[in-house]
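Novice: Chains as they are written, first to last, in the numbering used here: chain A, 255 to 810; chain B, 33 to 270.
Hints were generated in silico from the structure; no laboratory data involved. In this text, a Cβ means the ideal position worked out from N, Cα and C, and glycines have one as well. One or more hints might be untrue.
Within a straight-line C-alpha distance of at most 30 Å, the following computed DSSO-like cross-link-like pairs (lysine-lysine) qualify [said to hold, decoys possible]:
id : chain 1 : residue 1 : chain 2 : residue 2
1  : B       : Lys217    : B       : Lys110
2  : A       : Lys680    : B       : Lys197
3  : B       : Lys254    : A       : Lys708
4  : B       : Lys147    : A       : Lys440
5  : B       : Lys217    : A       : Lys586
6  : A       : Lys703    : A       : Lys440
Which residues of chain B face chain A? A few of them, derived with a C-beta cut under 8 Å, are [claimed, not checked]:
id : residue
7  : Ala66
8  : Ala69
9  : Arg70
10 : Val124
11 : Met126
12 : Pro168
Over 12 Å on every C-beta distance to chain B, these chain A residues come out as not near it, computed from the model [as the list claims (entries may be wrong)]:
id : residue
13 : Met492
14 : Asp649
15 : Leu675
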Amino acid sequence: MANVTKPDPVDVVVVGLGACGGTAVKVLCEAGLKVVGFDRGPWLRPEEHYSGDELKYVNRNYLWPDPDLFPRTLRHDEESTAVPFPFSPTPQLVGGGTNHWAGWVPRPRESDFMLRSLHGEIPGASLADWPYRYEDLEPYLTKIEWEFGVSGIAGADKYEPFRSKGYPSPPLRPTRWGTKFYRACKEMGINAFPLPHASVTNDHKGRKPFNNTSFWNQYGDPSTARSNTLTTFIPEAMATGNLDLRAECFVREVKVDKTGRATGVVYVDPNGDEVEQDAEAVILTLGAIESARLLLLSTSAQHPQGLANSSGLVGKNATFHEYLFAGGLFDKDIDDPLYGWTGNYISGGSLQFYDTEEDRGHIGGCIIAASQTCHPINWVFPGRPAWGSALKDADRTFFNWAMKIGLILHDLPVEKNRVDLDPTHKDAWGLPVARITHKPHPNDVAMGKWQVDKNAEILETAGARKIIPVYLEEMTGNTCHQHGTARMGFDPATSVLNEWGQTHDVDNVFVLDGSGFPTATGVNPTLTMMAHTWRCAEYLTENYAKGRAEHLSPAR
Amino acid sequence: MTLKSDWQVVGAPIDPDTDERLFFTDHEWDTIEAATARIIPTDHDPGAREARAVVFIDRYLSGIDYIYAAADGSGFLKISGKFADAWRGRQVEMQKTYRKGIRDLDAVCQQNFDKPFVELDDAVQDQALELFSGAPKPPPVTLGSSEAASTFLQGTFDQGMPFFKALCLHTVQGFYCDPVYGGNKDQVGWKTIGFPGPKSLKDTMDGTYTSLPYFQEDYDWKDLIPHLTEPPEGPPTT
Numbered sequence: 255m256a257n258v259t260k261p262d263p264v265d266v267v268v269v270g271l272g273a274c275g276g277t278a279v280k281v282l283c284e285a286g287l288k289v290v291g292f293d294r295g296p297w298l299r300p301e302e303h304y305s306g307d308e309l310k311y312v313n314r315n316y317l318w319p320d321p322d323l324f325p326r327t328l329r330h331d332e333e334s335t336a337v338p339f340p341f342s343p344t345p346q347l348v349g350g351g352t353n354h355w356a357g358w359v360p361r362p363r364e365s366d367f368m369l370r371s372l373h374g375e376i377p378g379a380s381l382a383d384w385p386y387r388y389e390d391l392e393p394y395l396t397k398i399e400w401e402f403g404v405s406g407i408a409g410a411d412k413y414e415p416f417r418s419k420g421y422p423s424p425p426l427r428p429t430r431w432g433t434k435f436y437r438a439c440k441e442m443g444i445n446a447f448p449l450p451h452a453s454v455t456n457d458h459k460g461r462k463p464f465n466n467t468s469f470w471n472q473y474g475d476p477s478t479a480r481s482n483t484l485t486t487f488i489p490e491a492m493a494t495g496n497l498d499l500r501a502e503c504f505v506r507e508v509k510v511d512k513t514g515r516a517t518g519v520v521y522v523d524p525n526g527d528e529v530e531q532d533a534e535a536v537i538l539t540l541g542a543i544e545s546a547r548l549l550l551l552s553t554s555a556q557h558p559q560g561l562a563n564s565s566g567l568v569g570k571n572a573t574f575h576e577y578l579f580a581g582g583l584f585d586k587d588i589d590d591p592l593y594g595w596t597g598n599y600i601s602g603g604s605l606q607f608y609d610t611e612e613d614r615g616h617i618g619g620c621i622i623a624a625s626q627t628c629h630p631i632n633w634v635f636p637g638r639p640a641w642g643s644a645l646k647d648a649d650r651t652f653f654n655w656a657m658k659i660g661l662i663l664h665d666l667p668v669e670k671n672r673v674d675l676d677p678t679h680k681d682a683w684g685l686p687v688a689r690i691t692h693k694p695h696p697n698d699v700a701m702g703k704w705q706v707d708k709n710a711e712i713l714e715t716a717g718a719r720k721i722i723p724v725y726l727e728e729m730t731g732n733t734c735h736q737h738g739t740a741r742m743g744f745d746p747a748t749s750v751l752n753e754w755g756q757t758h759d760v761d762n763v764f765v766l767d768g769s770g771f772p773t774a775t776g777v778n779p780t781l782t783m784m785a786h787t788w789r790c791a792e793y794l795t796e797n798y799a800k801g802r803a804e805h806l807s808p809a810r
Numbered sequence: 033m034t035l036k037s038d039w040q041v042v043g044a045p046i047d048p049d050t051d052e053r054l055f056f057t058d059h060e061w062d063t064i065e066a067a068t069a070r071i072i073p074t075d076h077d078p079g080a081r082e083a084r085a086v087v088f089i090d091r092y093l094s095g096i097d098y099i100y101a102a103a104d105g106s107g108f109l110k111i112s113g114k115f116a117d118a119w120r121g122r123q124v125e126m127q128k129t130y131r132k133g134i135r136d137l138d139a140v141c142q143q144n145f146d147k148p149f150v151e152l153d154d155a156v157q158d159q160a161l162e163l164f165s166g167a168p169k170p171p172p173v174t175l176g177s178s179e180a181a182s183t184f185l186q187g188t189f190d191q192g193m194p195f196f197k198a199l200c201l202h203t204v205q206g207f208y209c210d211p212v213y214g215g216n217k218d219q220v221g222w223k224t225i226g227f228p229g230p231k232s233l234k235d236t237m238d239g240t241y242t243s244l245p246y247f248q249e250d251y252d253w254k255d256l257i258p259h260l261t262e263p264p265e266g267p268p269t270t
């Protein structure tokens, strides 16, 4: 390996430039801090690299992580040996999951921040309140909606908590299958509305959202319709002159000094050379799986169990959501076509079933949404015949006569559900991969069953003539949502991070992604994560960087 | 090393009418072409044979030159570095899966029908595929019932798939892929199921291709959302 000159030290290193890292670099650079941002994946150019190629995106992992380079392993109980499985395959590149996401960005509810207070001890679960409340996050939810770009209709969600401002963009018009959903909900007395969406339909902040192709979920967007940190926050951070972005660089360790404080990171550059980058503070925003992995990989005499892991809780209490749904087929000879492949994935949803109702037999609840059945190769039809005239007839008869209504399962935290280092499997850099151990809590299975059946009822009301309920057996990580592996709290014995995402053990290490979420929430987490990142990054620039500390009172 | 963001565009779209074999032997080509024609048969609409699924599969298996089309469909991306190594390794495995799979299929046919697969007529080929796959030919989908399933990942990747499962997936891909990959000739797959896909990948990059005509035409948010009694705040809805 060639000798590489050690780069100059900077104020902050940010590792992982997805939804949260993109937000962090914007806030830090605009406040005048010098930042080096790392991503292990490429820095693509959407207008040049993205188009509606189903094979490339859905079948050949152009954005999904290459399973041989970035493997993960999975097991469903303590006793089993984990096997390679692409669990929660969030794209690893500049912009991260905001490159390919459908972009549901509903707000969390007040109850999400206080599940432990509301429900007490639930056997088998490790419920905890968040160290802050909805009202602490509200101003930052609004900032993200306006700075990042979210479309929606304020006042349409009957159950939404207080919001200080409407949306910067109106929603995309409904699809035909979305309209079916709206009408069925109206008949059943369910409050359905266009879910807030990380996209704009107007020229908000000079954007030109021309993409109406319906190549949306899992595809990159060559226009600026989709809100993607690659095309929004990262260019804004670059424009300050304070961001040095290093793509296709793999950070393998956070370095510490004799006192155990972080001094920077060690990374492998695109030529395979190992380089050290020093910084005053280190922010991890790799997603809750990879952030936990990097902490666990960063062992030293001062941190023998991994960085910031004196509690032994790094990696534990992991929650992942799971996308479940009920699919419905209609009758080509009688019904109008639905064109299930159209739209920007979601078209109509509801939060009517979100908060606990005793007679459902489970606590909590989750968001539901009608969503796209996607494109011809991979259109979503569990039970699609494998071959023969049955396959051809099914595609010809139902491709344009199908819809589905999904949900994002609000899974409960369980201490044994966790991320740790696999004892045998290594990635392409020779480092142990993240091993997922996960078994659903009985409440997860019950919630999934109840809500899938409710969604099937809506489909029946809509006139579906065949219903396919898709239930939870085991988690696959199909939402790419990751949380909880470094939970926030006030007590260093029972949490890894404080209310600012700062590790209790090492004052200059922050973990500013979903790792800190004590509970998963029942909504898609990215809006909440980005607002959380903004709030914490602002604390870093306004207090921490100026030598001040400030804390919320646990007794509020 | 060439970064992924700088992968070069090389070559040209695959010609679906080519007879040149990059991976298959003549016998393998004929066998796969015949098998794809049983997986998506020709009826009053074209099937996998007319879509040239065999060309699609041959190019895919030939190495790593036809993995990712360039965004605009003008050619293919030249994969570099660790990505190239990973793809090469996987393609070698899939080549072995096909070579052995075709031999095994012929062995089943010889044993039961005294002929290789390609020499059997359609109905017997179906029987052979049933014997080979160990499962009956899938029955037609019927309405009026409910059949439960369990959760799965969004993407479908072929790594580690057994031969027949991979062949079924690749046939579907060859029937419905963007034509740049050599299958779905003249968009026959899309036409068969009524998918009005783009003329070219390039048309999806610049606003030329739109799916808006297939959205709901007339709508009124206040009708769809009874809760919305006040006029919406913010910019007017479109």
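Novice: Against this structure, judge whether each hint is valid.
Specialist: Hint check:
1. Of the pairs offered as hints, the one joining B:Lys217 and B:Lys110 holds, with about 24 Å between alpha carbons and a cut-off of 30 Å not exceeded.
2. At most 30 Å may separate the alpha-carbon atoms for a hinted pair to count; A:Lys680 and B:Lys197 meet this at roughly 28 Å.
3. Proposed proximity of B:Lys254 and A:Lys708 is supported: the alpha carbons are some 24 Å apart, at most 30 Å.
4. Taken as a hint, the B:Lys147 and A:Lys440 pair is broken in the structure, with Cα atoms around 61 Å apart against an allowance of 30 Å.
5. Between the alpha carbons of B:Lys217 and A:Lys586 the distance comes to roughly 26 Å, so the proposed pair stays at or under 30 Å and holds.
6. Pair hint A:Lys703 plus A:Lys440 holds up; C-alpha atoms about 23 Å apart against a cutoff of 30 Å.
7. The closest approach between the C-beta of B:Ala66 and any C-beta of chain A is roughly 13 Å, which is over the 8 Å cut-off, so the hint fails.
8. Residue-level restraint check for B:Ala69 is violated (minimum Cβ-Cβ distance to chain A is 11 Å; threshold 8 Å).
9. With a least beta-carbon distance of about 7 Å to chain A, the hint placing B:Arg70 at the interface is held under the 8 Å criterion.
10. The closest approach between the C-beta of B:Val124 and any C-beta of chain A is roughly 12 Å, which is over the 8 Å cut-off, so the hint fails.
11. Taking 8 Å as the C-beta contact cut-off toward chain A, the hint placing B:Met126 at the interface is violated, the least distance being around 12 Å.
12. For B:Pro168, the shortest C-beta to C-beta distance to chain A is roughly 10 Å, which exceeds 8 Å, and the interface hint is violated.
13. Against the 12 Å criterion, A:Met492 stays outside the reach of chain B, whose nearest CB is about 15 Å from its own CB.
14. A:Asp649, annotated as away from the interface, has a beta carbon of chain B within 12 Å; the closest lies near 5 Å.
15. Residue-level check passed: A:Leu675 sits 21 Å from the nearest beta carbon of chain B, beyond 12 Å.
The earlier numbered hints that this structure contradicts are 4, 7, 8, 10, 11, 12 and 14.
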